[in-house]
Every structure is written in C-alpha cells, then in structure tokens.
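From just these sequences and the hints, can you work out the full model?
Taken in sequence, the protein lines are chains A, B and C. Under the working numbering, the first residue of the first sequence is numbered 54, with each subsequent residue one higher. Under the working numbering, the first residue of the second sequence is numbered 1165, with each subsequent residue one higher. Under the working numbering, the first residue of the third sequence is numbered 15, with each subsequent residue one higher.
Any given hint could be a false lead.
[Claimed, not checked] Counterexamples of contact, computed for chain A against chain C with all Cβ distances above 12 Å:
| hint | residue |
| --- | --- |
| 1 | 181 |
| 2 | 205 |
| 3 | 297 |
[To be verified] Simulated restraints, written as ranges between beta carbons of each label pair:
| hint | chain 1 | residue 1 | chain 2 | residue 2 | range |
| --- | --- | --- | --- | --- | --- |
| 4 | A | 253 | B | 1193 | 42 to 52 Å |
| 5 | A | 237 | B | 1222 | 17 to 27 Å |
| 6 | A | 99 | C | 179 | 29 to 39 Å |
| 7 | A | 91 | C | 235 | 50 to 60 Å |
| 8 | A | 410 | B | 1193 | 34 to 44 Å |
| 9 | B | 1222 | A | 209 | 20 to 30 Å |
| 10 | B | 1309 | A | 91 | 27 to 37 Å |
What the hints contain is simulated information worked out from the structure, not anything from laboratory work. The beta carbon of each residue, even a glycine, is placed where N, CA and C say it ideally should be.
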Amino acid sequence: MGEKVLMKGNEAVAEAAIRAGCRLYFAYPITPQSELIEYMAKMMPKVNGTFVQAESEVSAINMVYGASGCGRRVMTSSSSPGISLKQEGISYIAGANLPAVIVNVQRGGPGLGDIQPAQGDYFQATKGGGHGDYRNIVLAPSTVQEFADMAGLAFDLADKYRNPVMILSDGLLGQMMEPVEFKPQKTKEELEELDRQHYEWCMYPNEDEPNHHHHEINSLEIDPLVLEKHVEKLSEKYDEIEAKEKRFEKYNIEADNEVLVVAFGTSARIAKSAIDELKEEGKSVGLIRPITVWPYPYEAISEAMTDKVKKVVVMELNLGQMIEDVKLAVNGKLPVEFLGKVGGILFTPEEAKAKILENL
Amino acid sequence: MKTELICSGFGGQGSLTVGKFLAKAGMQEDKNVSWLPSYGPEMRGGTANVSAVISEKPIASPLVTHPDILIALNQPSVDKFGPNIKPGGLMIANEDMCPNKLNRDDIDEIYAPMSTIAKEIGNLKVLNMVAIGIVLEKTKLVNYDTIEKDLIQFLEKKNPKLLKLNLQAIKKGMEIAGY
Amino acid sequence: MKVIAERPKSLTDLQFTYCPGCMHGVAHRLIAEAMDELDMRNNMMGVAPVGCSVFAYKFFDCDMAEAAHGRAPALATGMKRARPDMHVFTYQGDGDLAAIGTAEIIHAANRGEHITVFFVNNAIYGMTGGQMAPTTVPGMKTTTSPYGRDENDIGYPIQACELLATLRAPYFIERVSLLSPQEILKAKKTVYKAMKFNKEERGFTFIEFVSTCPTNWGVTPAEASNWARENMLPYFPIGNFRDKSKEEGEAK
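This is the structure we're talking about:
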C-alpha cells in the first residue's frame, strides 16, 4: 500500500483499474461519471494503454466485447441511461463467457432523469438488464476506498468466472473525495501472465498445424439442444458464484438488536449515521450491507434476525427494489418496512433515524 | 470529534477548493475526511457548494445538512445554509457579498470583507484563502503548517507568485479572526 | 497425382450453409485465398455479422468473433486495439452495415481503424426472409415493401462507398461485383489488394461486393445476375472511390 491520496471515486476506480492491469478502456461521456473517462483519457497513454472515446455506449460495450475476446483486461463505464444502452453488449459478453468490467455511476431516472445520485438501476443490474438468462456479478461500494478496491476484485472475479462484473456505484460515490490507498501496479510479468491465462479460449496469434487453433468468440447456438446445454452450463457457473462469492458487511449486529436495517452503497452510509446516533441513545439497531448485490447474501439477513429483532427496515435511493430480495430473505417471518427517496435526492441521517424510531 | 462543514459560493469563487484544502489537511493529520460537491449545471456560474467532514471516527454519511461551520462566500449561501447551522456553530461570511446578515444569537458569525482583502493582496482569486485563514485561527480544525506544506507542494513550481499571495491571504484571515 | 484445385487453408472443412446460387461462398473464398496468398491466416481475426453470413465464424479457419447485429466494426476496433500485432477483418451484409450498424461503420472508418471491411450488398435481408434493406433499389418489391420501394416514403438506397468516401481517414474504398466469372476475377485482385494493405498496416480498407439473392428475389441465379446488372449497378456503380497508395505515388 502506498500513501493516502484524496481522490474522487470516479478517478480512484480508474486508477485502481489501471493498476489491476486494465490497458483497454472504451466509453462515451456522461454525467456524473465524466471524471472517470477523463482520467482514462489522460492516464492510458502513459501506460501504453488504449483509450477510445466511442461514438456511443452501444459501440463502447461492443469494443469491450472485441477486446475481451482477445483475453485482455478491459473496462467501460457510464451512468444509468448509458448503461441501458450497453445492455445488448453485456448480454452478448455473458453469453459468450467473456470477462469484462462495467462501472455504473448511477443517476436519477427513468429516462433522462437527472444527474444526482440514485440507486434506481438495482433491478437492471441484478435481475438481468439485457435479454436472455444470464447473471452479472454486481459489486456495490459504499466508500471511495471500497470503490477503488473493487476494480481489482472485479477484474479477478471476471477472469475467474469469465463473466461480466458490474460495479454499481452512484453519483455520490463518483463525485465525492475521500482518502484512498492504492494497491501496487501490476508488473510487466504479471500482465503477461494475465494474458497467457486466457490462451485456452481467446483470440491470439496462431500457428500452423498441429498447433493451429480456431477460437470462436460467440454467443450463437442455433441448435436448441446445444443452446440448452450452453445455458445449463452458464447456470452451473452462476450456482458456483452464488456458493462462493457472497460478500456483505455486518455493522453493529448484536444479540440485542431490535431493528435490522438492510441497505447497500450510499444508502448504507447514511443508515450508519442514524445507527450510530441511536446507539448513543441506548438503542440497538444492526445493519446488513450487501457488498455483492448479485449474488445476494440472503443468509446474512436471515441469520441476523435474532429473537429480539422486531422489524426489518430497508433503505434505498429508489422506489423499493432491493426490498424484494430482503423479503425473500425474511421469508414472511417479520414485517419489512421501507425508506426510499427518488429524484436523485438523498434521505438524510435524520430521516433514517426517524424511520427506525417509528419501528422500534 | 467530528466537524461538518459546508463551503458555498458562486462558481469560480473557490468554495470547493476551501473544502478540498481543509479535507486534505485533515487527511494528512490522519483524520477521516470526505468531500462531497454539488455538481451539474449549477456549477456553470451558479452557486457551488461542498460538504466536507473531518472526523476522528470513520465517516458514515458524507452529506452535511446541519453544518458545524458554514463558509459562505455570497448572499445566497448565507440564506440557504445559514438557518441550518447547528446551535453553537460558526458562520464565516464574505461581507462584501453578503449585505444581509443572519443575526442568529445561537451561533458565532464572522463577517470579513474577503473580496476587498483579496484585491488588496493583489488577486481576487485568493479570497477563499482568507476564509481558510479565519477557519484555522478560529477553530484549530487543522494546523496551519499542514495547509502551508500542502500549498507549497502544490504551487511552488507551478506558480510561486500565487503561492505567496495564497499564504499572505491565509495569514490575513488568521489576523482577522484573532481580533 | 497433381492437385489442380483445393480448399484454401483459411477455410475450415465445413460445408457452407448458403443457398444454391448465393455468392457468399464466392466472397468467402476470395477472402480466404487472399489470406493464404499473403500468409495472414495465423495472425488474422475475423468478425462475422448477423445476417445470412452469420455462420462465417465457423467457415474461416482463423480466430473469429460473432458480433451483435451491426456492431462488427466496434468489435473489430476492440480486437485490433487489444492485439495490434494481429490483423482484423469484418464481413457484413447490407442490413448489418448500412442500417443498424451505420454509426459503427462510419466511426470505425473515420477513426481510420486498421481493419478491412467486406460489405456484401444484395439489396435484401436474406436470413429473415426477404425484407427491405437499406440498399433495396426504388421500385423493388420485398416482403416489407410489397408495392415496391417508394423512395419518396422511405428514401433512396444508401451508397456505402460514396458515403464513406466523404471521410478523410479511409485508405482504400472500392466497389466490385460478383455477377460474372470475369468480374469475380477482378474482385479477387481487389480483395488481395485490400488485404495486402491490411497486412502492411496502411489503414482502413473497405470493399463492397455487389451480389445477388436468387432465393429471396425469386429468380434463378443467372436471372439474378442479369437483374442485378440492370437494376443495382445504376445505384451501385463499380469502381474505386479511394486509393491512398496512388496518392502516395506508388506504382500500380
């Protein structure tokens, strides 16, 4: 670890991605993620990397598809409306079993919405987004440090499972500055090793027979029986990810918790402020913060529902999306209440506290 | 100990920079810090503001709704954020651009002609540094030495003349607060 | 025994899935022969489109990627940037390139990506069953222009070579036809030339093949050639639209 620097989330995740071996980045400008594309434009030439400002988000994600087919660590980023445009490509990348990292710096929707922080893309990110049966691994940071750390994690998971990984942040995390410590830059040898590890399937310089390869980067299986097998194999991969990759944070989870709060990303930060204040007033409230929102840590929630917990309160910057997963975890055993804000407006720690007090 | 600030002014007055220098100094003094700007079209010539938090403990919400300290570089900032300052808190306002005083009796209000002082020093740009000087002297939120070191690192090669003016402006601010 | 003719090394031994009289097989072969002759197969990556030639990724014996509809030039951009030491071509039909993928082709050309684009224009959507293409000629009946293409309603056919020739970056742009053996032999030379430019990293190279679709036009292959000559060539004149090697003063 190096020294701490004060940095915007958008810049920190870009720097961390470069350090993790990302040498190709394709994107289209959009607020509130513009510092990310600008950082890449500035830094990629300095590491002999590739930066292309694409003609659209659709093109950007398909450039990612092509580069990923070559086995290289590649990333794109956008904000909500642009992420919608990328969904076609994400489905192809998932269908073709390719690694890729996509950063969503969420803003208010639907449509053009506004440019303030929001969490309205939860369904899109965790339940599909594009067409067909597939899953993205979705990581939800709540600090600038975690946002940066997730770049390396996202590439590692993407490579390990040959699957798209989305970092689901928001305008607040993208725009705010916090101290960050970065992991060291990958060495030339490590980058070459990353390249070689994909030779089994990726496009790379060929040889004549008998070592000639004909690798197909493809999501098309016209024979239904073959497609069935293909999708079943994807499903096995998703099962493995669900078994191994659930991540969450427990905050103030104690045996005497009376209310259990579930929130992710920015919402969880605000909830923590409320929980801290209530703790000083002698009230015990716990928080489960899903770090992977797919795979979703259902068990963490059900395990935190100890005897004294009377209610579960979900807090999100949307109309109530993750609450559906929380309800699956709670499974009807407790009432599930909701605090939400839309329009790109944050709920305040006071509002969070009031909501918890209502249910104590 | 946690201090929450809002720095606010017209775009170009340097209110975001005030927050950034204070937060960065806090970080260099091993505290937890966050800096959250307002962003978007309002940045283009309108009122820009930033929430900054400097805290011993990890920072939960970076959004400041009830600041301990408000640095208001123009009247709209006083009007918008002044009423939300925590009782016992502090407001530092640019007297040149804030003709209407807040007159709360439960907070400390300091009005200083920052624009005039900055012009006297020789560059209107450094008015935000006058504000930093007042904060430093009045609250000891971070040490002057930390800010000075950071400014030197940032400006010594790039613009030594501006560095001198900045340091002058901070000291002037400290003088004012000292009275 | 003397071998008189054989499959180019750059094609796999799979049987083509194209209709009788379709020219895709011919276009494939011309590209594969150029790859063989220029010894490019081992450093070649191709991109197949969505359309009748969707299975091209199975037919070319090099590394191949299958793009979403219209996105081949974007994939090719990513591929070429990811492996600059390799060569890249795309193979696209008229719906793919001149309708859904217009943004991608124009911007890839405008960036001067070092790729070769093979554009097969037969004025109709073949795979989905004979719908109107962006290159369908005025008056031509298709399943979605059952009364003939009305240029006042839906516009004139898009002339891809002419359009791309308005850009500064492309290195080589030429339209050839596959309507007779003589024209195919001429096309072969053009394909070779573009692929050679590709190998030499000259810049963006583009070849449009004027082709036919006997199945969806509802005619015999011979009739299809005659129909294309009479009806397509007036809108899609054969010829070179850009050759920077000449501007650079090279001998032909």
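Hint check:
Against chain C, the non-interface label of residue 181 (chain A) holds: every CB pair exceeds 12 Å, the least being about 17 Å. For residue 205 (chain A), the requirement that its beta carbon stay farther than 12 Å from each beta carbon of chain C is met, with the minimum near 20 Å. Residue placement check: residue 297 (chain A) keeps its beta carbon more than 12 Å from all beta carbons of chain C (closest about 29 Å). Between residue 253 (chain A) and residue 1193 (chain B), the C-beta spacing of about 51 Å keeps the proposed range 42 to 52 Å intact.
The supplied range of 17 to 27 Å is met by residue 237 (chain A) and residue 1222 (chain B), whose beta-carbon atoms lie about 24 Å from each other. At roughly 36 Å, the beta carbons of residue 99 (chain A) and residue 179 (chain C) sit within the given window of 29 to 39 Å. Distance hint check: the CB atoms of residue 91 (chain A) and residue 235 (chain C) are about 55 Å apart, consistent with the given range 50 to 60 Å. With their beta carbons about 35 Å apart, residue 410 (chain A) and residue 1193 (chain B) fall inside the hinted range of 34 to 44 Å.
Taken as a hint, the range 20 to 30 Å holds for the pair residue 1222 (chain B) and residue 209 (chain A), whose Cβ atoms sit roughly 26 Å apart. Between residue 1309 (chain B) and residue 91 (chain A) the CB atoms are about 33 Å apart, so this pair conforms to the stated range of 27 to 37 Å.
The structure shown violates none of the earlier numbered hints.
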